[in-house]
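Number of protein chains: 2
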Amino acid sequence: MADWHIVPGGVTAPKGFRAAGITAGLKASGLPDLALIYSETEAIGAGVFTTSQVKAACVEYCRQKLAAKHNIRAVLINSGQANAATGEAGWQDAVACATALANQMQISADAILLASTGVIGKRIVMDKLIAGLPKLVEAANDEGGDLAARSIMTTDLVSKSIALQTTIDGRPVRIGGMAKGSGMIQPNMATMLAFITCDAAVSTNLWQQMLVRAVDKSFNQVTVDCDTSTNDSLIALANGQSRTQAIIEAGESADQLEAMLTEVCQYLAKAVARDGEGATCLVEIQVSGTHTDVEARKIALTVAGSPLVKSAIFGRDPNWGRLAMAAGRAQVAFDQNELRIQMGDFLLMEHGQPLEFDRAAASNYLKTAAAGEYLQTDTVLIKIGVGQGRGIGTAWGCDLSYDYVKINAEYTT
Amino acid sequence: MADWHIVPGGVTAPKGFRAAGITAGLKASGLPDLALIYSETEAIGAGVFTTSQVKAACVEYCRQKLAAKHNIRAVLINSGQANAATGEAGWQDAVACATALANQMQISADAILLASTGVIGKRIVMDKLIAGLPKLVEAANDEGGDLAARSIMTTDLVSKSIALQTTIDGRPVRIGGMAKGSGMIQPNMATMLAFITCDAAVSTNLWQQMLVRAVDKSFNQVTVDCDTSTNDSLIALANGQSRTQAIIEAGESADQLEAMLTEVCQYLAKAVARDGEGATCLVEIQVSGTHTDVEARKIALTVAGSPLVKSAIFGRDPNWGRLAMAAGRAQVAFDQNELRIQMGDFLLMEHGQPLEFDRAAASNYLKTAAAGEYLQTDTVLIKIGVGQGRGIGTAWGCDLSYDYVKINAEYTT
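Those protein sequences? They're chains W and D, same order as listed. Reminder that position 310 of the first sequence reads as 333 in this note's numbering, one-by-one numbering, no gaps. Reminder that position 309 of the second sequence reads as 332 in this note's numbering, one-by-one numbering, no gaps.
Hints listed in this document are in silico derivations from the structure and should not be mistaken for laboratory results. Hints should not be assumed to be uniformly reliable.
Restricting the straight-line Cα-Cα distance to at most 25 Å, the calculated cross-link-like pairs of lysine-lysine (PhoX-like) are [what the hints assert, rightly or not]:
#1 W:Lys321 - D:Lys321
#2 W:Lys390 - D:Lys390
#3 W:Lys92 - W:Lys151
#4 D:Lys88 - W:Lys429
#5 D:Lys429 - D:Lys406
Among chain W residues calculated to face chain D with C-beta under 8 Å, some are [what the hints assert, rightly or not]:
#6 Met348
#7 Asn387
#8 Tyr388
Beta-carbon label-pair distances, calculated as ranges [said to hold, decoys possible]:
#9 D:Ala383 - W:Ala356: 34 to 40 Å
#10 D:Thr74 - W:Thr122: 47 to 53 Å
#11 W:Val118 - D:Val181: 20 to 26 Å
#12 W:Ala112 - D:Glu272: 42 to 48 Å
#13 D:Ser52 - W:Leu398: 40 to 46 Å
#14 D:Arg194 - W:Glu361: 38 to 44 Å
#15 W:Ile29 - D:Arg382: 44 to 50 Å
Just so you know, even glycine gets a beta-carbon here, dropped at the ideal spot from N, CA and C.
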């Protein structure tokens, strides 16, 4: 299935996409704060957004444009101000951003999507954003993916960008992606933004369905601290520039595209988890033996999000008791006598009861992960079996360290 | 409504109840580790237990006895070993505990309930427990409530005990209670145990219904870290020794009893939250304006449990943005333009938008709470309004400090 390989370029790897990232002056730090992704030709768009009742203006804006199935040409992303909890004035700012970019690019404002991240309750510094647009559009090129990825960072420690290539109908097809994660910044909160580009030709409905399924196996399975932001947005564009036959129904080509889309989403989701505030390692929880995949994913996410599990991993403690406890409270029924827990190569529990194991060696496994290589050997793998069912599911998280508290408690003083 | 007053004695304040707490040697520390509550006459019993799929033997044991509506005479509680994840052997241990106590007290084993707290995966040190029973039964008296409360502690910093008295039908009626909280201890997890005694005469069904409603407004509204233990148990006995008329249906007497029961549960629940690992203050979240009380409680609990909110409070940061975010993700629909947030006397947000306020003074309010008096002035009060509905709800939690991570990460090394 995994008949793809990594290619450089991030969101500009797929044909016909350009991107840019500049410093418009929205952030006090002087770091890049304005990004643009655009497609040389019309693209279809799909999106998944925060489920919070408190939504940024850009979230509602994108929902409206995507619901109307407008063809999309560009996505404008600012960091620095979240434009959430800003009322009608914030909404007008969003509209003005789209209008100004439309004029600059000489395209329809309906073909533009928006995303914001930064301080909530703060309106976008509009004069600086508007003044930056000519430079931004000018700067956009087909190698701008990585710079765009850097421009959407807030307190992220690393930029998150990936592109994969496969072959469909004998032609190369690429999907690129970039994301920012849950580096929480003054005075507010995590925002997860992710942007996907694809040069396959695919129907809007199918693309949206693929995206929702991919998100269920990736971004929805990531937890840093179980908080959800006002601005969380995932936007995916597909422009057909690979010149493959249009994928309009289920079948081999659709499966192939969806598998690669899922892989891109999972890479970015893991990168977000790994970069959780104060994290020293990535934690992957694999659950099996439930009746359904949904149940397995639910247990996996509950375990990955448990503060007791997370602090035990930071303490390099192979604490099967906390893992069993967290699995048990996921509101998925199972027979506790079937519970089996493995951490790395260490079988900690079987038939619902703890086993003898080499605690020092298991603790060392956790220590090694914390010193491991980014998204490779820095991963703690925990496998949990709860029965004989065929359901499987995976979730990703990170450990809970002193630095999490420090980052989130101390910035105001 | 609040026509009650505090009386000394905890669970032994109500007529006809005795209690004891001794050191049987189950804990390595030599601290008290075995407690008994018993009623001189038969009592009705009600219970609420962990919803985890991984349950201690004592939980299943109590469920069976209460389901059969056996009259209850005694509750035996051990700390040191949780007797969870111990399989059939653990179950047999539970049965043997009840049998031994029944023989010692010369009562039916069906009249005995059990609770355990401590290390999961560890079976009870049966020889020591059995050897301690004669001394335990001997020690029980009508002033033993406070000692019993101390004997169920694990890493709790303070024992938690309360008793209230009211007048029903011209006669004094008392409800006593004790609890242990979520001090997490090697190598495992929070367990919340609570025990209630009452000398009113009340029907079993009504008493169970009252307890469930009281728990919904108290223990179910407390969060330290959103983890649920294998052993969480609340057991409530009523023995009729106040000689009031039997309360068998809804009405004034039932309302009065339920209000006092709710107060006892809320006191204990708040004490558990205040004693959360590393906590420096109690946090009370009051939500109003929802359609239903259930919705309001859901929002309140979500906010109280948010790690971002909790770490902001530890940082003495009046961070309305995190409060708004947490309220928004509670999966309760509301109009974000109606959102109103107050912290102490400081109105932080209205109509969904932040207000100007004295940040230094608001921060000082949080500092003052952290230095305040136990369960009195150590409470941070946050009021959140989400609309015009009549639903109200409250939840309690605590802040998230370095010590939480320290307590939960560092004990193995």
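- Message: Run through the hints listed earlier and report the numbers of any the structure violates, in increasing order.
- Response: 2, 3, 4, 5, 7, 8, 9, 11, 12 and 14
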